[in-house]
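**Q** Here is what each chain is made of, one letter per residue.
Protein chains: 2
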Amino acid sequence: MPDPAPISVPDLHQRVVSVFSRCGLNAQSANAVAHVIVAGERDNCKSHGLYRIEGCLRVLAAGKVMPDAVPELHDAGKAVIEVDAHGGFAPAAFETGVDRLAERAKEIGLAALVIRNCLHFSALWHDVEALAEKGLASLSMCPSYAFVAPAGGSTPLLGTNPLAFGWPRSGTNPYVFDFATSVAARGEIELHRRSGTPIPEGWAVDRDGTPTTDPDAALAGAMLPFGAHKGSAISTMIELLAGAMLGEFMSLEALEFTGGNGLLPHHGALVLALDPATFSARSGRDPVAEGEKLLTAIAGQGARLPSQRRFKARDAAMKNGIQLTSAEMDQLDRFEKDGLAALSE
Amino acid sequence: MPDPAPISVPDLHQRVVSVFSRCGLNAQSANAVAHVIVAGERDNCKSHGLYRIEGCLRVLAAGKVMPDAVPELHDAGKAVIEVDAHGGFAPAAFETGVDRLAERAKEIGLAALVIRNCLHFSALWHDVEALAEKGLASLSMCPSYAFVAPAGGSTPLLGTNPLAFGWPRSGTNPYVFDFATSVAARGEIELHRRSGTPIPEGWAVDRDGTPTTDPDAALAGAMLPFGAHKGSAISTMIELLAGAMLGEFMSLEALEFTGGNGLLPHHGALVLALDPATFSARSGRDPVAEGEKLLTAIAGQGARLPSQRRFKARDAAMKNGIQLTSAEMDQLDRFEKDGLAALSE
Numbered sequence: 001m002p003d004p005a006p007i008s009v010p011d012l013h014q015r016v017v018s019v020f021s022r023c024g025l026n027a028q029s030a031n032a033v034a035h036v037i038v039a040g041e042r043d044n045c046k047s048h049g050l051y052r053i054e055g056c057l058r059v060l061a062a063g064k065v066m067p068d069a070v071p072e073l074h075d076a077g078k079a080v081i082e083v084d085a086h087g088g089f090a091p092a093a094f095e096t097g098v099d100r101l102a103e104r105a106k107e108i109g110l111a112a113l114v115i116r117n118c119l120h121f122s123a124l125w126h127d128v129e130a131l132a133e134k135g136l137a138s139l140s141m142c143p144s145y146a147f148v149a150p151a152g153g154s155t156p157l158l159g160t161n162p163l164a165f166g167w168p169r170s171g172t173n174p175y176v177f178d179f180a181t182s183v184a185a186r187g188e189i190e191l192h193r194r195s196g197t198p199i200p201e202g203w204a205v206d207r208d209g210t211p212t213t214d215p216d217a218a219l220a221g222a223m224l225p226f227g228a229h230k231g232s233a234i235s236t237m238i239e240l241l242a243g244a245m246l247g248e249f250m251s252l253e254a255l256e257f258t259g260g261n262g263l264l265p266h267h268g269a270l271v272l273a274l275d276p277a278t279f280s281a282r283s284g285r286d287p288v289a290e291g292e293k294l295l296t297a298i299a300g301q302g303a304r305l306p307s308q309r310r311f312k313a314r315d316a317a318m319k320n321g322i323q324l325t326s327a328e329m330d331q332l333d334r335f336e337k338d339g340l341a342a343l344s345e
Numbered sequence: 001m002p003d004p005a006p007i008s009v010p011d012l013h014q015r016v017v018s019v020f021s022r023c024g025l026n027a028q029s030a031n032a033v034a035h036v037i038v039a040g041e042r043d044n045c046k047s048h049g050l051y052r053i054e055g056c057l058r059v060l061a062a063g064k065v066m067p068d069a070v071p072e073l074h075d076a077g078k079a080v081i082e083v084d085a086h087g088g089f090a091p092a093a094f095e096t097g098v099d100r101l102a103e104r105a106k107e108i109g110l111a112a113l114v115i116r117n118c119l120h121f122s123a124l125w126h127d128v129e130a131l132a133e134k135g136l137a138s139l140s141m142c143p144s145y146a147f148v149a150p151a152g153g154s155t156p157l158l159g160t161n162p163l164a165f166g167w168p169r170s171g172t173n174p175y176v177f178d179f180a181t182s183v184a185a186r187g188e189i190e191l192h193r194r195s196g197t198p199i200p201e202g203w204a205v206d207r208d209g210t211p212t213t214d215p216d217a218a219l220a221g222a223m224l225p226f227g228a229h230k231g232s233a234i235s236t237m238i239e240l241l242a243g244a245m246l247g248e249f250m251s252l253e254a255l256e257f258t259g260g261n262g263l264l265p266h267h268g269a270l271v272l273a274l275d276p277a278t279f280s281a282r283s284g285r286d287p288v289a290e291g292e293k294l295l296t297a298i299a300g301q302g303a304r305l306p307s308q309r310r311f312k313a314r315d316a317a318m319k320n321g322i323q324l325t326s327a328e329m330d331q332l333d334r335f336e337k338d339g340l341a342a343l344s345e
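Taken in sequence, the protein lines are chains A and B. 1 is the number of the first residue of the first sequence in this note's numbering; add one for each residue after it. 1 is the number of the first residue of the second sequence in this note's numbering; add one for each residue after it.
Please keep in mind that the hints were generated in silico from the structure rather than gathered at the bench. Keep in mind that a hint or two might mislead.
If several chains are the same, the list does not tell them apart, and a pair holds so long as it fits within one copy or across any two.
As a list, the in silico DSS-like pairs of lysine-lysine whose alpha-carbon atoms are at most 27 Å apart [unchecked claim]: (1) 46 to 293; (2) 64 to 293; (3) 337 to 293; (4) 134 to 78; (5) 106 to 78; (6) 64 to 319; (7) 134 to 312; (8) 312 to 78; (9) 64 to 106; (10) 64 to 312.
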């Protein structure tokens, strides 16, 4: 079967909104979820693209997410703005808080957005890019499911805990990184298992804490953090700041809560926004221009800045539309027509 | 020559204050510098202990630091508190700002301390521990000298850019990490050079960007960040947040400023303080008790929490005093008697 014609970004957005509306999400949440999923597909970041729809529908079918939740903003006028997702998906909560976060950061230099009580599947780069567009630097982090052992340990306690950072640039895409603090993504180990190939050394340990290259032993054991004890310390920091500090689940409790049945995790998230204009004011320097000196020098010596592949895919998608496969289009059709009933067993 | 009798922490503090007073530092700066140096020695963290005195004296002798600088606090009532070190050593600037930082963080949940225009040599764990004692989580970071190439690059642009994090614990030492974002410390490569042994693979590249195990080629080339592209991205973030964003030097400018002659770097620093009580209030959970669940589980599976060696050395030093060598005592005597004139050529 030939590939279907490319679909434009706005058209794909409408299709995805339609799927989620059909499955019971209110308009706010359907739109917010579609923003994140279509951005992932647009950037050829397939792990956060249309692939995510089925996972979202499964958590809906399992009754583990509130489809009609309306995120609630709490702002006591401090540096911390909170949004209670009331058990809904994270993206609507982020959209509910992001403008207030940016406003507060510009007003007092630095502010935090706390998202509580959400089903999380968003790409963190989506959040930090939104803040970079407003001229702000930002850090975003959250726990996930406890699949990762601390360095020197043998049993999963840490999530793959992503960390993202965004920095505004003038006239070009922002400096953005977003990575798991595990060596590899769990999905990559799954791919090795399916293809029957060993995983590289250093990715995981088996149940006894012994290093393994067997994907089955790795999935039954524990993944490892990137960067040995340093990455392990950063992952622990993410558990503390985006879990314990907020009074929301850390990765172990998130896993226990859903029973490890492959559904999206329920936890909170933390976003810090910093206003370079406020921080640099006394120096008389232009912080964005200063940053460019470093970023152009990095690119100038042939080292790749993070996210460049995504930005390149985005440019192509905005110009030519997004090329989906027939299978992807068929799945969209089925989900749009039959909603949750279209989920395969 | 037999080792001298152990010296108590307060007595060593007085000796170090005396050295710096003899060399022209005002009382505030001499005390603040001594706090950091004696804490390093006490914790058997020798790289930030008495070893640092000579480096501080050299920068004084070179006229690159203001011995009588009085740090100036700027507080516009926002979330960002600034201290201009006026060209003095960093520790007095930190001490000038830390109480206000903690007060602001407790008041509005989150605050930042910017240190400007300082000669930096402080151990960042010293800063985050001071904030953890006040019940606050914190992050501290600064640039250094551009000795590190970005991942995929060949030429030094990044510093060894340390990152420290502190988290308060109840009834025990805080959770603290503090590490360079380079794979190894520059001093470790120096040690290999002196002993004529190769450095491990992955530490450095030569001038052409080719991986090397030759310490001379490494020192002439570039060190590498920890954790490949992830560590490189974090190091870049530190340049942007603690350099460009503040309008202070990034590591390349810091190196150019002193001419790479081995003197302490001149740059700024950024400390973020977060109040777990504010962040968790709406949850009804105790954030420190929640954090303990993770930290005791990590230690319980035999994985070492960071900083435990330091804390153990500290306990011993507080009980038994600090065991210095005769050479270290002699150097203290010489510096105290002759000040800068005691510097060897």
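**Q** At 27 Å max between alpha carbons, let me know whether residue 134 reaches residue 78 within a copy, between copies, both or neither.
**A** both (20 Å within a copy, 20 Å between copies)
**Q** Classify it for me, residue 134 with residue 312: is the Cα-Cα distance of at most 27 Å met within a copy, between copies, both or neither?
**A** within (21 Å within a copy, 47 Å between copies)
**Q** With identical chains treated as interchangeable, where does the CA-CA distance between residue 64 and residue 106 reach 27 Å or less: within a copy, between copies, both, or neither?
**A** Neither: 36 Å inside a chain and 35 Å across chains, both beyond 27 Å.
**Q** How do residue 312 and residue 78 come out at 27 Å by Cα distance, when the copy is not named: within, between, both, or neither?
**A** Intra 39 Å, inter 39 Å, cutoff 27 Å: neither.
**Q** With 27 Å as the alpha-carbon cut-off, assign the pair residue 337 and residue 293 to within, between, both or neither.
**A** Neither: 52 Å inside a chain and 46 Å across chains, both beyond 27 Å.
**Q** Given identical chains, is residue 64 near residue 293, meaning Cα to Cα at most 27 Å, within a copy, between copies, both, or neither?
**A** between (48 Å within a copy, 25 Å between copies)
**Q** Which holds for residue 46 with residue 293 at a C-alpha limit of 27 Å: within a copy, between copies, both or neither?
**A** Close neither inside one copy (32 Å) nor across copies (35 Å); limit 27 Å.
**Q** Have a look at residue 64 and residue 312 and pick one of within, between, both or neither, based on CA distance no larger than 27 Å.
**A** This pair counts as neither: shortest intra-copy Cα distance 36 Å, inter-copy 46 Å.
**Q** As a check of your reading, is residue 64 near residue 319 (CA-CA no more than 27 Å) within one copy, between copies, both or neither?
**A** For residue 64 and residue 319, the Cα distance exceeds 27 Å both inside one copy (38 Å) and across copies (55 Å).
**Q** Under a CA distance limit of 27 Å, which applies to residue 106 and residue 78: within one copy, between copies, both, or neither?
**A** both (13 Å within a copy, 10 Å between copies)
Of the numbered hints stated above, those contradicted by the structure are hints 1, 3, 6, 8, 9, 10, listed in ascending order.
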